[in-house]
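A.B. asks: Single-letter residue listing:
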Amino acid sequence: MKNTFIGAPIERREDLRFLRGRGEYVDDLAPNGVLYAVILRSSVAHGRIKSIDTAAALKIPGVHTVITAKDMPGGPPIIPMRLQPLPEFKPFEQPVIAHDKVRYVGEPLAVVLATSAAIGEDALEAIAVEIDDLDPVGSREAAAKNKSLLFEPAGSNRSLVFHARKGDADAAFANAPYVRRERLKTGRHYGLTMEPRGVMAEWDAAKGRLTVSGAAKVPFFNRRILAKQIGLPEDSIEMIENDVGGGYGARGEFYPEDFLIPFAARHVNRPVKWIEDRRENLMAMNHARETEADIEIACERDGTIIGLRGEVHTDMGAYMRTNGAVGARNVVQFMAGPYRVPHVKLDSLLWMTNKTPVGTYRGPGRFESSFYIERLLDMVAEDLGIDRVDLRRRNLVASAEQPYPIASVQPTNANDQYDSGDYREALERCLTEIGWAEKSKLQGKLIDGRYHGFAVGCFVEGGAAGPKESARLAVNDDGTITVFMGSSAVGQGVETVFAQIAADALEIPMDRIRHVYHGSTNTVSDGYGAYHSRSIVMGGSAVLDATKNFHAAIREAGAKKLGCDASDIKIGEDRVSGPGGKSFALAELAGLTAEGAFLNHKHTYSYGTHAAHITVDAQLGEVRIVDYVVVQDVGRIVNPLTLRGQVIGSLVQGLGGAMLEHLQYDDHGQFLTGTLADYLLPTAGDFPNLRCFVTDNHPSPINPLGAKGAGEGGIVAAGGVMANAVANALQSFGAQPRQLPLTPTYIWELVQAGQRQAAE
Amino acid sequence: MPVQFEVNGKSVSVEVEPRLTLADCLRQNLRLTGTHLGCEHGVCGACTVLVNGDAVRSCLMLAVQAEGAKVVTVEGLSNDADLTPLQKSFRKHHALQCGFCTPGFITTAHALLTEEPDCDADRVRDVLSGNICRCTGYISIVEAVLDARSAYKKTGGGP
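Residue numbers (my numbering), protein chains in the order written: chain B, 1 to 760; chain W, 1001 to 1159.
You may find that some hints are simply not true.
Computed footprint of chain B on chain W; a stretch qualifies when at least three of its residues, placed anywhere within it, have a C-beta under 8 Å from a C-beta of chain B [what the hints assert, rightly or not]:
1. 1034-1040
2. 1046-1054
3. 1063-1072
The following residues of chain B were derived to be distant from chain W, with all beta-carbon distances above 10 Å [claimed, not checked]:
4. E195
5. V244
6. G649
7. D686
With the Cβ distance kept under 7 Å, some of the chain B side facing chain W (calculated, not the full set) [as the list claims (entries may be wrong)]:
8. I10
9. R13
10. G246
11. G491
12. Q619
13. F671
14. D678
15. G685
Quick caveat, the hints were computed from the structure, so don't treat them as lab data. Where is the CB? At the ideal position from N, CA and C, for every residue including glycine.
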């Protein structure tokens, strides 16, 4: 039987439980005797802790214990970097609980354990904290003054400078016939998950075993950190991945609570559960994106790009967290996007401030850099009198140039290349789908009180982070098969897509794959999780390897059973047969299992184009999307239904970042956006006219599936395209958006400035 | 204090603190964990349940206020045998990913389609704009709800 599950819009297995309210998220667990943890967080952005008095809190009936740094012999452990673990970052890493200084509003100071979360919250009010205020560092400009230092021993608020280099930019700029320099900036966003974070830990004192529920994204890595911090062998800790209500890069990294809750469970020898509330989530989960670029582009008169040069500043918040450097690295590594830029000299400066620390958020650094390059390209086109689309056509990396090397980055020695694809093809398809040739004649026109604007932008999306992923297959008692994955589920549908891949490779119907288990540390020997759009490429390729080993194991077992050569064994849907009509049920091999892995250090680059048609009310600064098209080529489509979900879902997150979202602080580091009424997210009425077209015309040459990571392309170009569309609509006012989000106020100010200039 | 109401067709009596929300009562006391808490301040809509037929945020209502009411949660809009037409439509259109906001969308959409099985796309978007989904981008959710209208016209959403 030849299957074609790969490529088919298979409805998801996960949906059967989610739609009935039968998902099991960590807050749905309630073991007997559980204590609820509630965390006291700093209300001061920068200060020195004088005292924490818990006596009054402990007197409240139902309060069991209050844990502070003093309860941790040897001081609170430090959370190490997971990605780019450079020695330079060491002084800036975060302790699991504040012990000498507080460095952001929301930093954990104490953990209350109580018989209910409500009593725990009552107890927070009764804890007396004395903090001597220090001068807060409320912005990256303040950080650069180095007057008030977050980390005195480090001597500077700058944790690192990344250098992205290609060719000889200084020489190229010296001889360039055209140069434009701009200052542009992006807002502070975060990968808000609808399920707030949660951890539940159970300590089995007799066996010395710790079970931690609520793991997500990278459970195996987090187990390694926790084992070291808490002083247990790794195999004495089991991390359980329950249903996870969204990831987006933010959920599942190792946060302070990932130590505090297991520590608390062992400390009191009771199960302990902590569920974050939304206010905490806004100030405790990784922030992202707040960058400012001071960059210049050099071009020939015909628009051929010669080089990019300049600096990007990232507001890192108070600590270097596990993956906190990724965005700041990416913003300079990928500034050129899908365009041919022979000379690059970009520095990325990482500034520590008294804000919530940053980590990755879907399309880290790519959303920001795409905004920068796309804005620059539209300005170049206007300056040089070149059509915006032609400018992009001229500069897109051609398929004949693949694999195409991009700027290398120091000090991490990141050298990467785009793997394959025809970027021009995606651009032309996108223009056709939106009807660019005809409709863009409306650009800048005022119709029924609204100005029409158009923009187009191209992107690449990195995926498939290595080094490895694991998969294991096993025969069940009834002859069906279970798949165990090192990949993690964060809502993207891995149970369905891995069943598709396995059923195709095993040449059996999909319902013979009874379960796909994932994430938890008891499923496979080693797992690497869900980030950098890696699950289908890495996990899917591991499934392919496991199916080979699985078939070999069945052949070997069948040969033994039937007394024949392994090569004579045929494996059917539910039976194993040998020569001479002898056969037996696959169920007789119940328990047979085989593991496989995929090892890979190369990255995939899916790519595509966004195009937008918008209208703007110049008096209200209000923007409406008339039509928005994304075309993305992903090498090989496994499930078009879930893939479209990734593209449109990430696009709307990108539009949120372009138009609405911004985490704000005042100059004292006080957090101003602590509710969902302050941090604005897209809702169903905001962006109704979005379309996507996914293709798999150009398979990736670097993995057996030919697939490319595809969870982030929808977000990448949204900021640049929306800003360019606004500039295009409001060209009669000379409006040039230089920052995101494009709030009504900001657009209105651009219009007012344009009118003032016209009047002068 | 004691409170009595009906949940998913069954009468329940619970002893609660006056400050306990209906959401916490459903989740903790009655172990109906399909109702999810996304913000606890009435913005995200994940905790939406039906109270006497109206879509209500159970994080903004106290359990004691439910005295005598008929409460229906996502579990009450489901059965073991098969997905309902609304649920099938969500699955067909891939109107959910992580599933966390989904119960709130199901209850909200059920209330809307029960009252207005002829609603148009604008009305669907308007009503659903009180619920936040971070995964799907909403397009597929709106399509799913529109596609489920016929089932409500014919059978009120039953199979």
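A.B. asks: Each hint needs a verdict: does it hold in this structure or not?
C.D. replies: Hints and how they fare:
1. Coverage of the segment 1034-1040 of chain W by chain B holds in this model, with 7 residues showing a Cβ closer than 8 Å to a Cβ of that chain against a need of three.
2. With a threshold of 8 Å between beta carbons, the proposed coverage of the segment 1046-1054 of chain W by chain B is violated, since 1 of its residues qualify and at least three are required.
3. Under the rule that three or more residues need a Cβ within less than 8 Å of chain B, the assignment of the segment 1063-1072 of chain W is violated, with 0 such residues.
4. Against chain W, the non-interface label of E195/B is violated: not every CB pair exceeds 10 Å, the least being about 4 Å.
5. With a least beta-carbon separation of about 7 Å from chain W, V244/B fails to lie farther than 10 Å from that chain, contradicting its non-interface assignment.
6. Non-interface status of G649/B relative to chain W is broken: a Cβ of that chain comes within 10 Å, the nearest being about 5 Å off.
7. Non-interface call for D686/B relative to chain W: violated, since the shortest CB-CB distance, roughly 8 Å, does not exceed 10 Å.
8. Evaluation of the I10/B hint against chain W yields a violated restraint, the C-beta minimum of about 10 Å exceeding 7 Å.
9. Contact between R13/B and chain W, as hinted, is not supported at the beta carbon level, the nearest pair being about 10 Å apart and thus beyond 7 Å.
10. Nearest Cβ of chain W to the Cβ of G246/B: about 5 Å, under the 7 Å cut. The hint holds.
11. Interface restraint check: G491/B against chain W, minimum CB-CB distance 3 Å, threshold 7 Å, status holds.
12. A least Cβ separation of about 24 Å between Q619/B and chain W goes past the 7 Å threshold, and the interface hint is therefore violated.
13. Residue-level restraint check for F671/B is violated (minimum Cβ-Cβ distance to chain W is 16 Å; threshold 7 Å).
14. Taken as an interface hint, D678/B does not check out: its beta carbon lies about 10 Å from the nearest beta carbon of chain W, beyond 7 Å.
15. Annotation: interface hint on G685/B holds; nearest CB of chain W at approximately 4 Å, less than 7 Å.
Checked against the numbered hints given earlier, the structure breaks hints 2, 3, 4, 5, 6, 7, 8, 9, 12, 13 and 14 and satisfies all the rest.
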